[in-house]
Amino acid sequence: MRYLPHTDDDVRRMLEVIGARSIDALFASIPESLRLKQPLQLPPALCESELKQHLGELAGGAPPIALVGAGAYQHAIPVIVDQLLLRTEFFTAYTPYQPEISQGTLQAIFEYQTMMAELTGLDVANASMYDGASATAEAVLMAWRIGREKKSAVLVSAALHPEYREVLATYTAAMPIKLRTVDVDPSGATDRAALAKQLDADTAVVVLQAPNFFGVVEDVAAVAAAAKSAGAIVVTATPEPVALGIMRSPGDAGAEIAVGEGLGLTGALSFGGPGFGFFAARKDHLRQMPGRLVGATVDSRGERGFVLTLSTREQHIRREKATSNICSNQGLCALAGSIALSCLGPQGLRELAQHNLAKAEYAKRKATQFGLKLVFSGPTFNEFVLDVGPAATDRLLRLAERRIIGGLDLGRFDSKRRGQVLVCTTEMHGRGLIDRVIGALAGQKEPA
Amino acid sequence: MNRSPGRQGRLLAEQLLCEQSTPGRRGLDLAKLDVDPVDVNKAWPAACVRAQPPALPEVSEVEVARHYTRLSTWNHSVDLAAYPLGSCTMKYNPRINEWAARLDGFAGLHPYAPESLAQGALKLMYELGQGLLAVTGLESVSLQPAAGAHGELTGIMMVRKALEERGTPRCLVVVPDSAHGTNPATAALNGFKVLTVASLSDGTADVEALRKLVDESVAAVMITNPNTLGVFEPRIKEIADLVHSKGGFVYMDGANLNALMGKTQMAAMGVDVMHINLHKTFSTPHGGGGPGAGAVCAARSLAAYLPKPVVVERGGQYALDYDRPHSIGRVRSFYGNFGVLVRAYTYLRELGAAGLTRATELAVLNANYVRARLKGRYDLPYATPTLHEVVFSDKTQKENTGVTNIDVAKRLIDHGFHPPTVSFPLIVHGALMIEPCETEPPSSVDALCDAFLQIADEVERDPDQVKSAPHTTMIGRLDDVRAARQPVLTYRDLLATK
Numbered sequence: 001m002r003y004l005p006h007t008d009d010d011v012r013r014m015l016e017v018i019g020a021r022s023i024d025a026l027f028a029s030i031p032e033s034l035r036l037k038q039p040l041q042l043p044p045a046l047c048e049s050e051l052k053q054h055l056g057e058l059a060g061g062a063p064p065i066a067l068v069g070a071g072a073y074q075h076a077i078p079v080i081v082d083q084l085l086l087r088t089e090f091f092t093a094y095t096p097y098q099p100e101i102s103q104g105t106l107q108a109i110f111e112y113q114t115m116m117a118e119l120t121g122l123d124v125a126n127a128s129m130y131d132g133a134s135a136t137a138e139a140v141l142m143a144w145r146i147g148r149e150k151k152s153a154v155l156v157s158a159a160l161h162p163e164y165r166e167v168l169a170t171y172t173a174a175m176p177i178k179l180r181t182v183d184v185d186p187s188g189a190t191d192r193a194a195l196a197k198q199l200d201a202d203t204a205v206v207v208l209q210a211p212n213f214f215g216v217v218e219d220v221a222a223v224a225a226a227a228k229s230a231g232a233i234v235v236t237a238t239p240e241p242v243a244l245g246i247m248r249s250p251g252d253a254g255a256e257i258a259v260g261e262g263l264g265l266t267g268a269l270s271f272g273g274p275g276f277g278f279f280a281a282r283k284d285h286l287r288q289m290p291g292r293l294v295g296a297t298v299d300s301r302g303e304r305g306f307v308l309t310l311s312t313r314e315q316h317i318r319r320e321k322a323t324s325n326i327c328s329n330q331g332l333c334a335l336a337g338s339i340a341l342s343c344l345g346p347q348g349l350r351e352l353a354q355h356n357l358a359k360a361e362y363a364k365r366k367a368t369q370f371g372l373k374l375v376f377s378g379p380t381f382n383e384f385v386l387d388v389g390p391a392a393t394d395r396l397l398r399l400a401e402r403r404i405i406g407g408l409d410l411g412r413f414d415s416k417r418r419g420q421v422l423v424c425t426t427e428m429h430g431r432g433l434i435d436r437v438i439g440a441l442a443g444q445k446e447p448a
Numbered sequence: 001m002n003r004s005p006g007r008q009g010r011l012l013a014e015q016l017l018c019e020q021s022t023p024g025r026r027g028l029d030l031a032k033l034d035v036d037p038v039d040v041n042k043a044w045p046a047a048c049v050r051a052q053p054p055a056l057p058e059v060s061e062v063e064v065a066r067h068y069t070r071l072s073t074w075n076h077s078v079d080l081a082a083y084p085l086g087s088c089t090m091k092y093n094p095r096i097n098e099w100a101a102r103l104d105g106f107a108g109l110h111p112y113a114p115e116s117l118a119q120g121a122l123k124l125m126y127e128l129g130q131g132l133l134a135v136t137g138l139e140s141v142s143l144q145p146a147a148g149a150h151g152e153l154t155g156i157m158m159v160r161k162a163l164e165e166r167g168t169p170r171c172l173v174v175v176p177d178s179a180h181g182t183n184p185a186t187a188a189l190n191g192f193k194v195l196t197v198a199s200l201s202d203g204t205a206d207v208e209a210l211r212k213l214v215d216e217s218v219a220a221v222m223i224t225n226p227n228t229l230g231v232f233e234p235r236i237k238e239i240a241d242l243v244h245s246k247g248g249f250v251y252m253d254g255a256n257l258n259a260l261m262g263k264t265q266m267a268a269m270g271v272d273v274m275h276i277n278l279h280k281t282f283s284t285p286h287g288g289g290g291p292g293a294g295a296v297c298a299a300r301s302l303a304a305y306l307p308k309p310v311v312v313e314r315g316g317q318y319a320l321d322y323d324r325p326h327s328i329g330r331v332r333s334f335y336g337n338f339g340v341l342v343r344a345y346t347y348l349r350e351l352g353a354a355g356l357t358r359a360t361e362l363a364v365l366n367a368n369y370v371r372a373r374l375k376g377r378y379d380l381p382y383a384t385p386t387l388h389e390v391v392f393s394d395k396t397q398k399e400n401t402g403v404t405n406i407d408v409a410k411r412l413i414d415h416g417f418h419p420p421t422v423s424f425p426l427i428v429h430g431a432l433m434i435e436p437c438e439t440e441p442p443s444s445v446d447a448l449c450d451a452f453l454q455i456a457d458e459v460e461r462d463p464d465q466v467k468s469a470p471h472t473t474m475i476g477r478l479d480d481v482r483a484a485r486q487p488v489l490t491y492r493d494l495l496a497t498k
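Chains A and B are the protein sequences, given in the same order. Numbered per the working numbering, the first sequence spans residues 1 to 448. Numbered per the working numbering, the second sequence spans residues 1 to 498.
Some clues are possibly wrong.
[As the list claims (entries may be wrong)] A few chain A positions that, by computed beta-carbon distances, are all more than 10 Å from chain B:
(1) 180
(2) 248
(3) 361
[As the list claims (entries may be wrong)] List time: in silico PhoX-like cross-link candidates among lysine-lysine, alpha-carbon distance up to 20 Å:
(4) B:237 to B:212
(5) B:123 to B:263
(6) A:373 to A:416
(7) B:498 to A:37
(8) B:123 to A:37
(9) A:150 to A:37
(10) B:395 to B:375
(11) B:237 to B:263
(12) A:416 to A:366
(13) B:467 to B:395
(14) B:263 to B:212
(15) A:321 to B:193
(16) B:308 to B:398
(17) A:364 to B:42
(18) A:321 to A:373
(19) A:283 to B:498
(20) B:123 to A:52
(21) A:197 to A:178
[To be verified] Just a sample of chain B residues kept apart from chain A, beta carbon distances all over 10 Å, derived:
(22) 9
(23) 165
(24) 200
(25) 217
If you are wondering where the hints come from, they were derived from the structure by calculation, not from laboratory data. Note that the Cβ used here is the ideal one computed from N, Cα and C, for glycine as well.
Use the sequences and the hints to build the structure in full.
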């Protein structure tokens with residue numbers, strides 16, 4: 001076996017040094033009653049050429065074209081991102097516990113923290129979380145701790161990704177926390193009048209997504225002002241960080257914690273993961289932050305260097321009093337995000353965002369020309385909801401037969417929204433494709 | 001002859017990219033826009049528009065390539081030399097796994113692709129799950145958790161939910177002091193109080209103490225097996241029976257599964273739920289700190305509580321089953337770190353039953369070989385037989401010269417190796433926790449042992465040389481205290497200190 005270097009001679013020699021008669025003797029500490037008596041029931045082993053064929057068949061050629069985002073946004077990430085990830089000094093290393101031989105990873109994380117803080121308009125960012133959904137849940141727990149766990153209500157926008165809401169419910173189930181939904185208004189934004197009514201002295205946190213799940217751009221500043229006057233902390237979730245090229249940063253708008261999902265910056269959607277959850281906050285909340293942090297310091301020779309720091313918040317030191325149990329995060333994906341953002345730079349990111357906006361505005365115009373109605377009236381970024389009606393299932397199915405995902409029927413999450421289709425257009429989608437898909441959603445006949 | 005790979009070599013300096021930024025430079029050209037441009041200031045209310053672009057570095061692709069390539073050369077990695085970091089299972093990461101995860105049909109697949117267009121991906125997840133169940137002997141599996149600690153959190157959530165549904169919520173989780181460090185934090189996140197139980201002098205769990213402690217208020221006992229000393233818990237079934245007789249559950253931390261494949265199964269031990277670190281046992285890369293994957297396997301007792309959706313097979317078709325009324329819900333978006341699952345599946349299929357068993361055997365052989373060669377020169381606090389890893393301490397060195405485990409670790413860096421784990425287990429003061437892994441060639445294991453022995457000699461001859469190590473790295477020991485007291489966490493912070 002190519003990954004198992006030991007020859008029979010090696011094994012004999014090593015057993016001799018150990019003083020054991022056989023390899024089996026090394027397992028003598030496992031009681032007889034617990035020993036497995038038969039071989040593992042697994043399919044036969046495959047050599048590399050067989051593996052390539054088998055996996056090639058499972059992967060099945062080109063993936064379907066997707067005009068859907070809903071938390072996973074496809075972007076034209078340059079090839080160099082993946083090429084640099086293949087440096088094995090990055091991907092076969094682990095958490096930088098020994099800074100003298102991990103400066104590459106440590107400096108890269110420091111630069112990642114810098115970029116995430118800049119994007120979100122906040123002071124500090126951690127080394128990453130598992131994904132946007134768990135980051136949102138951890139952000140709510142953090143905000144609850146900042147309020148000294150005295151307030152119990154968390155107001156959650158109905159326009160927060162349904163899967164994020166589910167994860168939030170799972171994470172807070174054991175805590176004395178009440179999750180309350182704030183509905184959306186006809187514009188598709190979180191209903192500020194409803195929010196004002198629901199906000200009270202027991203509200204610890206207000207959570208909203210920006211741009212929200214329906215693609216609508218939220219006025220985070222207005223929500224934050226209302227929350228602040230009630231003494232609550234605002235957490236924003238941004239599953240589409242490309243929007244931050246033109247969207248007011250959550251920090252600037254008054255959010256104290258901003259999280260999101262970087263999957264779209266890694267260059268591979270990979271059926272939803274791995275991406276990375278980004279997590280940023282104001283510096284005064286630093287000690288309550290979950291996750292790893294890298295800081296700059298100096299070495300014994302006075303040179304600048306980077307180390308894991310403030311680990312007194314973490315599970316291995318504080319044990320049951322830790323801010324989270326997270327240790328490994330999504331390091332390599334965060335690195336991919338940093339490389340992508342380094343390539344883009346501030347102007348590239350801005351232009352990319354403008355292109356996304358322009359594509360979606362074009363698609364929306366096209367949809368109305370075809371007679372489809374937009375469900376919401378609010379301004380959007382690169383996603384919007386079309387009212388396709390009862391024909392939606394059939395029309396999406398027809399497109400799927402041509403290996404095109406024409407959008408996401410929101411009936412998947414909410415039966416009242418059946419026939420409402422969430423569509424996403426990015427710089428990846430040419431005008432011809434947009435015409436074709438919007439046409440098909442409007443019931444235009446596809447050429448055979 | 002010194003066979004260790006440590007040498008002084010040329011290293012290139014590299015500033016932060018922000019320090020190299022030149023206004024107007026960029027590393028990406030966008031396609032020409034084929035629709036009318038839209039002015040965001042007209043499309044959106046002013047309160048929602050970004051005034052200042054984020055201060056990202058402005059560099060060309062050439063500078064990006066150099067930057068990250070130079071940074072990479074500052075890392076130690078499995079592909080460079082042995083990485084015997086105990087409890088982390090730093091085995092070789094096969095390249096075919098990387099190839100597989102990058103196949104277009106996997107890498108480009110949207111998570112909301114209709115099931116009819118995702119059959120291959122779903123089949124892979126299903127088959128990987130079946131493979132993990134074959135290894136553990138358990139009943140049901142979720143691939144959703146993104147890391148070991150995430151799997152642990154999931155497992156304890158399942159315990160809590162099951163007890164709630166039974167109408168008998170409980171408040172305590174019992175953790176032996178030889179268990180993993182994440183265990184107490186995991187229990188606390190679920191609202192449980194944590195009781196730590198001291199191990200016996202042979203390093204195994206104290207069954208008699210547990211017998212006194214475990215009653216109807218204990219939700220679960222969390223056991224790492226083999227434990228963080230590398231010692232198999234021989235009475236685990238007895239512990240499980242005890243916990244079950246009081247209506248509680250047994251959680252097993254599967255971080256050390258690399259010691260057990262094909263030798264024993266968790267079902268036989270009476271385990272109700274466990275996680276498997278696919279980035280340890282199943283060879284997926286550690287990535288400088290993730291992404292991992294923490295698959296959770298459950299016995300029939302807790303299967304219904306696994307996160308949803310789970311992948312099911314119905315007449316040759318694969319589907320995501322959301323109709324699981326007892327499920328704890330989701331622990332992340334979508335279905336897990338699928339790209340990591342592809343790598344783990346590739347490994348599982350390449351090794352098969354005989355290969356996985358052989359991997360375990362050689363992992364245990366390598367660790368016992370290290371133990372035999374270093375015994376006598378380094379203190380072995382527990383004489384109990386160990387499996388895939390071995391824990392020494394710095395007792396001998398410290399008593400004679402004041403040299404600590406940290407010093408030994410740093411000096412090992414000069415020999416070209418990654419140090420062992422030094423912060424764990426908590427029950428060994430000055431621990432040196434060594435896990436060589438099965439993929440380490442015997443010649444490299446020997447070189448590693450030689451280096452340890454040379455350091456032991458050096459401690460006696462010239463302790464200051466060890467205390468001031470490392471000597472061959474680009475930087476010396478870093479000032480941790482300063483980093484924590486005056487946190488400098490971004491480039492903006494750095495500028496403010498100047």
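Checked hints:
no., hint, verdict
1, 180, "holds (17 Å)"
2, 248, "violated (5 Å)"
3, 361, "violated (5 Å)"
4, B:237 to B:212, "holds (17 Å)"
5, B:123 to B:263, "violated (27 Å)"
6, A:373 to A:416, "holds (17 Å)"
7, B:498 to A:37, "violated (66 Å)"
8, B:123 to A:37, "violated (29 Å)"
9, A:150 to A:37, "violated (55 Å)"
10, B:395 to B:375, "holds (13 Å)"
11, B:237 to B:263, "holds (16 Å)"
12, A:416 to A:366, "violated (25 Å)"
13, B:467 to B:395, "holds (15 Å)"
14, B:263 to B:212, "violated (31 Å)"
15, A:321 to B:193, "holds (11 Å)"
16, B:308 to B:398, "violated (51 Å)"
17, A:364 to B:42, "holds (16 Å)"
18, A:321 to A:373, "violated (52 Å)"
19, A:283 to B:498, "holds (19 Å)"
20, B:123 to A:52, "holds (16 Å)"
21, A:197 to A:178, "holds (16 Å)"
22, 9, "holds (13 Å)"
23, 165, "holds (12 Å)"
24, 200, "holds (14 Å)"
25, 217, "holds (16 Å)"
Hint compliance for this structure: hints 2, 3, 5, 7, 8, 9, 12, 14, 16, 18 are not met, and every other hint is.
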